[in-house]
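Let the hints inform the model, and build the full structure from the sequences given.
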Amino acid sequence: MIDLMDVCFSYENGTEALKDVNLRIDNGDFAFIVGSSGAGKSSIIKLLLRETRATSGTVIVNGYNLNRLKERQIPKFRRSIGVVFQDFRLIPNMTVFDNVAFSLRVTDASNKVIRQQVPYVLELMELQDKARKYPYELSGGEQQRVALARALVNDPPLIIADEPTGNIDPEFSYEIVEMLRAINRCGTTIVMVTHEHEMVKYFGGRTINIEDGAVVFDDYITGGSNESK
Amino acid sequence: MRASSFRYLVKNGVHNLWTNRMMTIASVGTLVACLLIVGFAVLFSINVDSIVEYIGQQNEVVVFLELGASDEAVESVRANLSEMEGLGDIEYESPEQAFADYKEKLGEDGYLLDGMEDEAAEIYPPKFTAKITEPERVDTLVAAVKRIEYVDKAEAPTDLTKTLVSVRTMVNTIGGAVIAALVLVSVVVITNTIRASVFTRRKEISIMKYVGATNTFIRIPFIVEGILLGIFAALIAFLAIWGGYALFIGAITMESSTWLASLTQYLVPFADVRLQILGGFLLAGILTGGIGSAFSMRGHLKV
Ligand SMILES: Nc1ncnc2c1ncn2[C@@H]1O[C@H](COP(=O)(O)OP(=O)(O)OP(=O)(O)O)[C@@H](O)[C@H]1O
Ligand SMILES: [Mg+2]
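Protein sequences, first through last, are from chains X and S.
With this note's numbering applied, the first sequence closes on residue 359, and no number is skipped along the way.
With this note's numbering applied, the second sequence closes on residue 305, and no number is skipped along the way.
Check the hints yourself; a few may be wrong.
Unchecked claim - If you want a taste of the chain X side facing chain S, the calculated C-beta under 7 Å gives, among others:
1. 213
2. 216
3. 233
Bear in mind the hints are in silico, worked out from the structure with no lab data behind them.
All C-beta atoms in this analysis are idealised placements derived from N, C-alpha and C, irrespective of residue type, glycine included.
The structure is reproduced here in structure tokens:
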């Protein structure tokens, strides 16, 4: 569960990126965050990942009060979240298998668990043939699926995705979102930032519109407008 | 942490050495160069020390007592000398001994001295010979010996000793400064090399942080990498200095000039310092490598 209460956030140079944001995303939700460039979407994500701290207000994620989270507790907190970025952020000199396994390694998982879990999620993402390949040998869509597999392998209660489809072809974009929706149906909370209004209209669901650092729209919309696909 | 996780991290460190092999070669090369220069400086100064010490040990102060000094006087001087710091073994030569020696030296003509035995004490003063263990203090030692009661004369060859002592002081001072400077240079260079390697991998580090890796987890492979770099460099430098030293000694021994060749007997054989050098190199390599990587990580772990 995510709870933002009266959250303001300014960068060190004085840019006010978020102004008094109130937002609550319950367990099991699937929420799109949309808004024009520079609106503050990535800033919210940075707060949710405890990359930065709110200037004022309260941020609670997965039961952790991020205002009070100690530096030492950050790794443990981050393991409760799966993250997917626009630029994939795979470790270049590790194979697909090792990239996904890394997520388990940091939790001090045994080799046995790793040998079970990694092939399982790779198959889920239809990547079983790519396990020994390196990220540069994969297409954008495939790399993003590896990133998704890495986010999933710990079975986190929450997945946060910042423009996961920003760097891949539209046909694969829908595939990625479909996968996220399937994961969501199994109970995982998903927060996905996107530019692509067409896609949001197509899928529908909870849509949060941020403009100029504030929430201007937050409601469920019905999907199904299929014309763009 | 599980043993299997630790093994994984160590394996990662080894793997990184290979993945970043250009960086590895650069770091090892730098470290080898620094270790070699320091190693040769140390060897040079050890040898100068050894030569100075050897020659210093040949140094003696010869102490003559007053003619006809009593047995009590001799014992009192002996006690004074043995209490004096800076002097080693003391040998006594009685007038009778000196007389006998002289007589023997005359050989066939020795009979000329027959019957004069009783006058030995009037011809020869009692004499002590003391080794000098602190050649740098030879002047004060001789002066102090002269002040002892019943002592008539004290002599020591001071010129050579003084030159050698000043050479040693100079070599040690300059050598010490060179070593200190180089140690500093190596730490800086190694830290920078590893920092560059950390910098090229900062993205990787930040990704690891996003996935929830602790700082320790991220550090271990880098530290393993640094320590392995250090060990490689130490071994290479050790072999190089061993070979270099053997060549040097070989070249001097081959030298026809007797002056140089005679020097070899004072040189410290490599076998005597082998373990210390290997140990010193390994310690220095591991410390610079390990501390260097730990230091270079600072600032990159905050994401
Ligand atoms: N590191 C930073 N330092 C200072 N200001 C920043 C920083 N990052 C972003 N900003 C500013 O904060 C505001 C919000 O930026 P943010 O990255 O959250 O926008 P966004 O909604 O993610 O945009 P986009 O859709 O282009 O990714 C912008 O005005 C931006 O210029
Ligand atoms: Mg953004």
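The hints, checked one at a time:
1. The restraint placing residue 213/X at the interface with chain S holds, with a minimum CB-CB distance near 5 Å, inside the 7 Å limit.
2. Interface restraint check for residue 216/X: the shortest CB-CB distance to chain S comes to about 13 Å, outside 7 Å, so the restraint is violated.
3. For residue 233/X, the interface hint holds, since its Cβ comes within 7 Å of a Cβ in chain S; the closest pair sits about 5 Å apart.
In this structure, only the earlier hint numbered 2 is contradicted, and the remaining ones agree with it.
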